[in-house]
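Colleague: Sequence:
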Amino acid sequence: MKTVFVLNGPNLNRLGSREPEIYGNQTLAQIAKALDAQGSALGVSIDFRQTNSESELVGWLHEATDSGSDVILNPAAFTHYSYAVRDAAAELTSRGSKLIEVHLSNPHAREDFRRTSVISPIATGVIAGFGAASYSLALSQLALG
1 MKTVFVLNGP
11 NLNRLGSREP
21 EIYGNQTLAQ
31 IAKALDAQGS
41 ALGVSIDFRQ
51 TNSESELVGW
61 LHEATDSGSD
71 VILNPAAFTH
81 YSYAVRDAAA
91 ELTSRGSKLI
101 EVHLSNPHAR
111 EDFRRTSVIS
121 PIATGVIAGF
131 GAASYSLALS
141 QLALG
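Heads up: the sequence shown begins at 1 in the working numbering, then just goes up one per residue.
Simulated from the structure, these hints should not be mistaken for lab results. Take every hint as true, because none was put in to throw you off.
Just the calculated beta-carbon pair ranges, DEER-fashion: (1) D112 - D47: 30 to 36 Å; (2) R95 - F130: 26 to 32 Å; (3) H80 - S40: 32 to 38 Å.
16 Å max Cα-Cα, derived EDC-like pairs, lysine to aspartate or glutamate: (4) K98 - E63; (5) K98 - D66; (6) K2 - D66; (7) K98 - D87.
Source: prediction; values computed, not measured. We put the CB at the ideal spot given by N, CA and C, even for glycine.
Work out the full structure, taking the sequences as your base and the hints as a guide.
Modeller: Structure follows, in structure tokens:
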């Protein structure tokens, strides 16, 4: 069974209580449960993780690279400045795995500093602005492609 890593960056552990008018009311645990059910229906195993640590996220991207797994990545604040995360993601895609960058909100409709992503140029695709459905759309694409 194919495994898809779903990797989440800083502050996403606060979903459901942090700015629900922007990020919605679903918790990360609820998103993980829904993706696990979707993955089962699609014949895909989900490895769902969240960290507030840049180095831990980089290590997980290395793990996905070494296992040849595709990744759904919500880099959160690391989107805008983490060249370490970008370089780890670039290695993943250069070895043939797919990486879909996801965001709950639409960064282009928010503050100027959120409009720059160091991840997007090396991502296979970007899905943003659909709330928790951004993850579901990404998983559907990876399962079908």
